[in-house]
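Place chain R on chain C using the hints.
Top line first, the protein sequences correspond to chains C and R. Residue numbering for the first sequence follows the numbering used here, beginning at 1 and increasing consecutively. Residue numbering for the second sequence follows the numbering used here, beginning at 1 and increasing consecutively.
The reader is advised that the hints may include incorrect statements.
To be verified - Simulated restraints on C-beta separations:
| # | chain 1 | residue 1 | chain 2 | residue 2 | range |
| --- | --- | --- | --- | --- | --- |
| 1 | C | Arg560 | R | Leu206 | 28 to 34 Å |
| 2 | R | Arg69 | C | Ala540 | 19 to 25 Å |
| 3 | R | Lys287 | C | Trp388 | 36 to 42 Å |
Claimed, not checked - Not the full set, but computed from the structure, chain C residues with beta-carbon under 8 Å of chain R:
| # | residue |
| --- | --- |
| 4 | Pro432 |
| 5 | Gly446 |
| 6 | Ser534 |
| 7 | Met552 |
| 8 | Trp567 |
| 9 | Cys569 |
| 10 | Gly570 |
| 11 | Pro572 |
| 12 | Gln573 |
| 13 | Met578 |
| 14 | Val661 |
Note that these hints are calculated values from the structure, not bench results. In this text, a Cβ means the ideal position worked out from N, Cα and C, and glycines have one as well.
Each chain, written out:
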Amino acid sequence: MTPFAEPLQDVLAIACAWLALGVLGIARPASAAWSTRVLYPAGAIAGLLLAATALAAIFGQPQSLVLPLGLPDLPFHLRLDALSAFFLLLLGATAAGISLFGCGYFRHDQGSAPGLVCLYYHVFLASMALVMVADDAYAFMVAWETMALSSYFLVTSNHAHAEIRRAGYLYLLIAHIGAIAILLCFGALQGGSGNYTFDAMREAHLAGPWGTVAFLLALAGFGAKAGLVPMHVWLPEAHPAAPSPVSALMSGVMLKTAIYGLLRVTLDLIGFQLWWWGVVALALGLGTALYGIVFAAVQSDMKRLLAWSSIENIGLIFAGFGLTLLFRGFDMRALAALALTATLFHCLNHALYKSLLFLCTGAVMHATSERSLGRLGGLIHRMPWVAWCALVGTIAIAGLPPSNGFASEWLLLQAFLFTPGLPQGYLNMLVPVAAAVVALTAALAGYVMVKFYGVVFLGQPREAKLAEAHDAGLWERTGLVWLAAACVLLGLAPATVIGLLDPVTRVLAGDGIASLAKGWLFLAPIQPARASYSPLLVFAVGAVLVALVWLMVRAFYHGRWRRALPWACGFPQTNARMQDTAEGFGQPVRQVFEPFFRIRTEAPAPGDAHPRYRETHEDHLWYGLYLPVARGVGWFTGLVTVLQRGRISVYLLYSFATLLVLLLFVR
Amino acid sequence: MISASGLAAQFTELVLAMLLAPLLTGWVNQCRAWLQSRSAPPILQPYYVLAKLFRKDVVLAHNASPLFRVAPYLILGVIALAAAVVPTLGTDLPMNAAADAIALVGLLAMARLFIALAAMDVGTAFGSLGARREMLVGFLAEPALLMVLFTASLISNSTSLATIVETLAHKELVIYPSMAFAGVAFTMVSLAENARIPVDNPATHLELTMIHEAMLLEYSGRHLALMEWAASLKLFVYSGIGLALFFPWGVAGGGDALGIVLALPVLILKLAIGGVLLALIEMLSAKMRIFRAPEFLGIAFLLGVLSMLLHVLLER
Chain C
1 MTPFAEPLQD VLAIACAWLA LGVLGIARPA SAAWSTRVLY PAGAIAGLLL AATALAAIFG
61 QPQSLVLPLG LPDLPFHLRL DALSAFFLLL LGATAAGISL FGCGYFRHDQ GSAPGLVCLY
121 YHVFLASMAL VMVADDAYAF MVAWETMALS SYFLVTSNHA HAEIRRAGYL YLLIAHIGAI
181 AILLCFGALQ GGSGNYTFDA MREAHLAGPW GTVAFLLALA GFGAKAGLVP MHVWLPEAHP
241 AAPSPVSALM SGVMLKTAIY GLLRVTLDLI GFQLWWWGVV ALALGLGTAL YGIVFAAVQS
301 DMKRLLAWSS IENIGLIFAG FGLTLLFRGF DMRALAALAL TATLFHCLNH ALYKSLLFLC
361 TGAVMHATSE RSLGRLGGLI HRMPWVAWCA LVGTIAIAGL PPSNGFASEW LLLQAFLFTP
421 GLPQGYLNML VPVAAAVVAL TAALAGYVMV KFYGVVFLGQ PREAKLAEAH DAGLWERTGL
481 VWLAAACVLL GLAPATVIGL LDPVTRVLAG DGIASLAKGW LFLAPIQPAR ASYSPLLVFA
541 VGAVLVALVW LMVRAFYHGR WRRALPWACG FPQTNARMQD TAEGFGQPVR QVFEPFFRIR
601 TEAPAPGDAH PRYRETHEDH LWYGLYLPVA RGVGWFTGLV TVLQRGRISV YLLYSFATLL
661 VLLLFVR
Chain R
1 MISASGLAAQ FTELVLAMLL APLLTGWVNQ CRAWLQSRSA PPILQPYYVL AKLFRKDVVL
61 AHNASPLFRV APYLILGVIA LAAAVVPTLG TDLPMNAAAD AIALVGLLAM ARLFIALAAM
121 DVGTAFGSLG ARREMLVGFL AEPALLMVLF TASLISNSTS LATIVETLAH KELVIYPSMA
181 FAGVAFTMVS LAENARIPVD NPATHLELTM IHEAMLLEYS GRHLALMEWA ASLKLFVYSG
241 IGLALFFPWG VAGGGDALGI VLALPVLILK LAIGGVLLAL IEMLSAKMRI FRAPEFLGIA
301 FLLGVLSMLL HVLLER
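Next up, chain C with everything else stripped away, as it sits in the complex (with noise of 0.2 Å):
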């Protein structure tokens, strides 16, 4: 039998082994040797084999399987499409990295036994990849819920911690909340055939408005899984507080796990598009690309600001979801395409540049045990590896050339350019509103990301503790390594990743942009003479004259330098606490952006002995939208204990009052 000849089988195999490495975990709880010098080096190898196979299976036929087990006469399907590929691809290459930075990494004994971690991490692993091969709605939500509760626990695995147990629970309600949307959704796309297999959805001609309600239905179920404005009060709550491995797989898988059931349901199982749904997937997306991206301006704890701003990077594949919606529903397959291969693009950058980083503040807090911002500083010189490591995630999630970032938003904005060809007057209008929005977030980026940058890792050290922090270990540097070699190549061979996204969308737009491409080395959608970029020979003209300019002042002058204090206007007693902090640095969005935030000052009175200046900045979703409906819910359920009597004989009563409503109906 040749390795890829059966793909799902495989891909159920890895799923399977996943698994067991879980099981086995629990085999020896409280060993932190085993799991850690075991298990996730195996769960690491199952991910890059995982890798192997999704990415021959990108380009075969769509293989299915019916599982002997299941719920009674309703066995579980599964199927493995070029979509489904490209995502398990997404998962077993982003989980290798993660799982070999794990190995370094759970060491300490916190919270939840090792062995239990271990267990709860590959089942996640696994239902991951269950819900990306599932093609019935039965097999889907098991997987999706197996999928939620996995993380729940893992996200609770410090329940020491009040705060931390408050996140997981407001994670978990937001996770049901939406998993009831995705269940309506799949009853409304069974069309009255009662048939829950998705060829059967496929199958069904859906009247107008019920395809309007499932693709609203999919929207908000998936959106509250991705973090979509407003469902994304969790995501800043939940991530933060999960152990950083597991913060890297959340952001940089399982949200995608929200983009490939949307992408499913929209483009695959509902049988047509409407323009409209696009301008709302669009909307929305811009929406939370800016609301996510000003809020992670004025963070002060590491871990949260990476989580707004994946709530950004989400707003920016809505965006792209919404433009290929746009001009499917206009039937102009190629701009779909494209604009699909941005969206898909921008996805498995943004996993592999997010799981990056929150590796690196995993590796950060291990050295340093902080995680807030004010505490850091000057980390470069004493974690190298993990320093530059963090910059080349850094320049890849601020977007910039040659970065594998900088590609997928280049791909995003061209998508844009073309809209002027739409056939409605008022949506060419759409076209400098969002590019316009779409930029300026892209911009307010590059300054978040200055922020992290530079607070953590540059200036003096902030706390005198900080010089005793110690570099990554052996595997957690092999993890960062690889993934930050993978935002390099994939930055330098765009038109690569292109190729691999072909049949994903001829299947789902209709057509591919990879046949347009002006060969290997020249990104060129649509048309080479409308716009052509070519990554590596930017990096290689760059390097060459970065090279020369080095060489030039090395032949001509000489190299002398020496060290002295710095330079400090002729204040003598200046220290590490006098540089910008993470609050300073935040304070000008704070300022332009100032509607966005519910701001509280407490500030000293005048002749304070001890004075306190504090300020918080605080989501107003939060206080217009989600205490309202808790008070309203609480309301409601106030109401009903009104019947809550505690005495039996009233309990009687209402047995025998209902008994009597029966049978007056019933008769």
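Chain R alone, transformed into the frame defined by chain C:
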């Protein structure tokens, strides 16, 4: 596709940009001094400064990391790459296929990221202050510049700068109202991005007002020379973009060797006029408080968006 003449034109243009950039800075300084009735420094003053700085020893702060020492080379290299993309003499540039207008903005953003990170590296109060202000200017100026370039891209149906110049210069003279808005926006952005009055003052070392200079405080010797050279080159690149978008006449189309030779005096003339105008704007305006800068740049950003809207509404 890549011809020998194209490579030659590319090389000439890049070397010319690197060599002429300090001259442009010297010319602007001279004009400013004249307008302020001061006795002007020689036009070659920036070259003297560079020559002297290159010979001096480098003094590094104790805390400076390798990033601090790599940054000047990287920044000059990246801005030189940006200069290679902008067509100033001819449009047959091989680099134009590799990097378009969006990549150009990305390259300038890359230079900004590194200059800000280098400024934060030593960990003095001024460095991070300068970095923060630079990023504040950047996050509004960068999208505004992108909007201006998008307007031109929509007109010419291409984001390649060479195609934009060919379309704008070699079509029969059409007045685009959108480009008027874009021109105002671009002027405002260039003032901010090149640390000019009213947003920043290249001649100041007053703590409360400086942006660009605050970031360079810790640099010395050849590192400072590279940073100064990069700043001059950045002004040259912005002038090049401005000329390409708003005064593209005179740039040789295709691989026309004679055209490139003829384009050189035209370019120098255009740059000289541009330098006078820049000095005049700096003369006539007052430096504003740092927190007025977002308003100033916000207006530039809105004008950029308006120019795109106008193009979509009126000119299609």
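Status of each hint after checking the structure:
Distance hint for C/Arg560 and R/Leu206: a CB-CB separation of about 31 Å, consistent with the stated range 28 to 34 Å. The hinted window of 19 to 25 Å between R/Arg69 and C/Ala540 holds, with their beta carbons roughly 23 Å apart. For R/Lys287 and C/Trp388, the Cβ-Cβ distance of about 39 Å falls inside the hinted range of 36 to 42 Å, so the restraint holds. Because the smallest distance between the Cβ of C/Pro432 and any Cβ of chain R comes to about 4 Å, under 8 Å, the interface hint for this residue holds.
Against a cut-off of 8 Å between C-beta atoms, the interface hint on C/Gly446 holds, since the closest Cβ of chain R lies about 6 Å away. Hint status for C/Ser534: holds, given a least beta-carbon distance of 4 Å to chain R, under 8 Å. Proximity of C/Met552 to chain R is violated relative to the hint, the smallest CB-CB distance being about 10 Å (cut-off 8 Å). For C/Trp567, the suggested interface contact is upheld, since its CB lies about 6 Å from the closest CB of chain R, less than 8 Å.
Proximity of C/Cys569 to chain R holds as hinted, the smallest CB-CB distance being about 7 Å (cut-off 8 Å). Violation of the interface hint for C/Gly570 is found here, the shortest Cβ-Cβ separation to chain R being roughly 11 Å, above the 8 Å cut-off. Hint status for C/Pro572 relative to chain R: violated, with the closest Cβ pair at about 13 Å, above 8 Å. For C/Gln573, the interface hint is violated, the least distance from its beta-carbon to any beta-carbon of chain R being 12 Å, above 8 Å.
For C/Met578, the shortest C-beta to C-beta distance to chain R is roughly 5 Å, which falls under 8 Å, so the interface hint holds. For C/Val661, the interface hint is violated, since its Cβ never comes within 8 Å of a Cβ in chain R; the closest pair sits about 63 Å apart.
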